[in-house]
Amino acid sequence: MISKTTTLVAGVAIAMTGLAAIAQEPDQDGTSEFRTFDPVAGELLNFAGSGDLAQTGGEAVYGAVCAGCHMPDGAGAQGAGVYPSLVENDLLAAPSYPIYLILEGQGAMPPLGGIMDDQQVADVVNYIRSSFGNDFNGEWGEATAEDVGETRQ
Amino acid sequence: MTMTRRELLGAVGMTAGSAAMYYAMASLGHAQDSTYQGRISLTGEPTNGRRVLVLGAGLAGMTAALELRDAGYDVQVLEYREKAGGRCWTLRSGDTYTDIDGVTQNVDFEDGNYINPGPWRIPYNHHGVLDYCKRLGVRLEPFIQKNHNAYLHRSDAFGGEPQRFRHVATDYRGHVAELLAKATNQGMLDAEVTEADRETLINSLRTFGHLNDDNAYVESDRTSQYRGYAREAGGGRDGAPVPSEPMDFETLLQSDLWRWLSEAETTSHQNAIFQPVGGMDMIAQAFAREVDDLITYNARVISMIQNGDTVTVQYEDRENGGDPVEMTADWCVCTIPFSILGQMDHNLPSAKAQVVDTMYYEGAIKFGLEFNRRFWEEDDSIYGGITYTDLPISLISYPSTDYFSDGKGVLLGGYVWGANAYQFNAMQPDEAVRWAVEYGSRIHPQYPEEFSSGVCVSWHKVPWTLGCYGIWQDKERDYAGVVEMGPDDRIVLAGEHLSYLPAWMEGAILSSLDAIAQLHVRATDSGAGE
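So the protein lines, in turn, are chains A and B.
So for the first sequence, my numbering puts the first residue at -2; every next one is plus one.
So for the second sequence, my numbering puts the first residue at 126; every next one is plus one.
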């Protein structure tokens, strides 16, 4: 069973009807190449990397990639299979396990080491280990870029 | 322009290498000709048990169900969704699609318009798919893969102005031919080409690259016949055509637009290439007409246990709830993607279970964007085919059907892999579509004015696959052991992920045919001694 039945149909419709109107607004800063909407600062990092992620910091990296399956609130999702919840998840206690999964992938999850550098992986690992009801960085220590680099080898 | 032989060969090699690398990605691994041997023949009575459970009603599952039922088996199929077809799927007007996070998109296209979120074309050498289309009465029409009048585009080339494919293709070929002719005449290729062949080579380059008598690629009536005229030929006054000026080689080389020139030339993309009339799921519907009575829909399989002589499967009824339902059969064809199977309770042999657990699923996203009119036809004379771009949408594909029609038209507004696909996946549909419209508008400025509605399908958010297609950690090492039905197995595995045509429908069908051939040997006397 699909556990949630939220629908964003109304939101889609509103966003769509707004497009033509926005496009007719004069270019606000005169330099933006954006034609159909004015992205806010954080949005400009979307797709800014060529083949990798431009976002930095755990929260931004999580929001740009991980949240797609594990959801913005870390609760995961269920269909024919599940995307595991990260909420109060003891498997995240030691940094090595999430580092390994991010680099190697497993099941539905593809390896992401190719689009993130060591620091991005470390940051997002520490973010999920200190969010969603988790608080592991103090007791277990934080992941470092060096840890990620060693796991890659 | 002068160039040493080393530089020349280096440039050509670099081009070929980059292109080859790109195809390796774009064609999803080894794009081989299909090994389809014609309609499968399963002769003999299944005396060692005739009850077969098929898990999954995609193309692999329905192929197995259709053929095994015809061979005398008692077949039942369990399907998670409310309909058959799996990734052979079409979204059209009135359809709804709900992501794994519960977000529903209503497809608001005009009647007749559609988008194929999964497979969208059938190469001429995918003999299995084509044979089933013929057998099951699926009408096919040409899919336009290569259109010389579509665009190639990079944001940092030609000031972001899209270039016609025919300009880039003709000029690149012409300039390369000129260089090679020059190198030959200057004696730089003497070690590679015999004296007798040099003249033949030069002649061939003149023909191949449309060079003039001085072996130069220049503005001329001849080159304009390939790249197009500055003013096309007409009648009456001003009827004489005006030749167009080729781009210079340095600009063209640096533009990087040449990377897409061979895109339509792998055997998986060459002409002829087809699509079903009305949407890819016409194939799914045709199969379902044959085997619908065998399928239990809304059945979420939760366990699959083989024990000696039988297989026991449990599923949850997604519609009516209640306790899990148990079914027992003599044999089982499991087509459930490993992204799902790995989370189920099963007792596959450990070597297989290991691969089930470690196969990962690639992401991809497709956009279907509907516009108020077919401006790409009316304004740009683009009838089908594909525009390639370095923008995050990767490409725009124009509909290969209903040309010149009034009313709205639907583009494939993006087909994205890799880092960009992951970022699109993390967006809600309305946000992702907004970006697809933005990027497309940089190639087609008509977008904002003409946009009507859009849908997107990100495969990691598809509840019944959790990804687009399966990728092996070590296919060379593990493949044989997983696709083989072991002597103690009552379960055989099938699907695109168990083929060397991953993500292609042909891979799903060929895998299924091989699986049921193995099952049949075991279930008939021919396998009794094994």
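These are calculated hints, taken from the structure and not from any lab test.
Remember, predicted model here, so these are calculated numbers, not experimental data.
There's no promise every hint is true.
Said to hold, decoys possible - Derived, one-sided and incomplete: chain B residues facing chain A with beta-carbon distance under 10 Å:
#: 1; residue: I165
#: 2; residue: G169
#: 3; residue: R425
#: 4; residue: I465
#: 5; residue: V562
#: 6; residue: T590
Claimed, not checked - Simulated coverage check for chain A against chain B, where a stretch passes if three residues somewhere in it have a Cβ under 8 Å from a Cβ of chain B:
#: 7; region: 37 to 49
#: 8; region: 72 to 83
#: 9; region: 99 to 106
#: 10; region: 135 to 142
The C-beta atom is built at its ideal place from N, Cα and C for all residues, glycine as well.
Exercise. Tell me if B:V562 is really an interface residue toward chain A, meaning its C-beta lies closer than 10 Å to one of theirs.
Key: holds (6 Å)
Quiz item: Taking the closest Cβ pair, is B:I165 under 10 Å from chain A?
Solution: violated (28 Å)
Quiz item: Taking a Cβ-to-Cβ distance below 8 Å as contact, does the region 99 to 106 of chain A have at least three residues touching chain B?
Solution: holds (count 5)
Exercise. Go check the region 72 to 83 of chain A versus chain B for me, would you? Three or more residues, Cβ under 8 Å, otherwise it fails.
Key: holds (count 7)
Quiz item: Would the stated hint for B:R425 survive a check requiring a Cβ distance to chain A of less than 10 Å?
Solution: Interface hint status for B:R425: holds (6 Å vs cutoff 10 Å).
Quiz item: Can the hint on B:T590 be confirmed by a CB-to-CB distance to chain A that is less than 10 Å?
Solution: OK, holds: B:T590 within 10 Å of chain A, min 8 Å.
Quiz item: Do the numbers back the hint for B:I465, that is, is its least Cβ distance to chain A under 10 Å?
Solution: B:I465 check passes; min Cβ-Cβ to chain A is 4 Å, inside 10 Å.
Exercise. With a C-beta cutoff of 8 Å, work out whether three or more residues of the region 135 to 142 of chain A approach chain B closely enough for the coverage to hold.
Key: violated (count 0)
Quiz item: Given B:G169 was flagged as interface, is its beta-carbon under 10 Å from a beta-carbon of chain A?
Solution: Given a least distance of 35 Å, the restraint on B:G169 is violated.
Quiz item: Taking a Cβ-to-Cβ distance below 8 Å as contact, does the region 37 to 49 of chain A have at least three residues touching chain B?
Solution: holds (count 5)
In this structure, the hints that do not hold are numbers 1, 2 and 10, in rising order.
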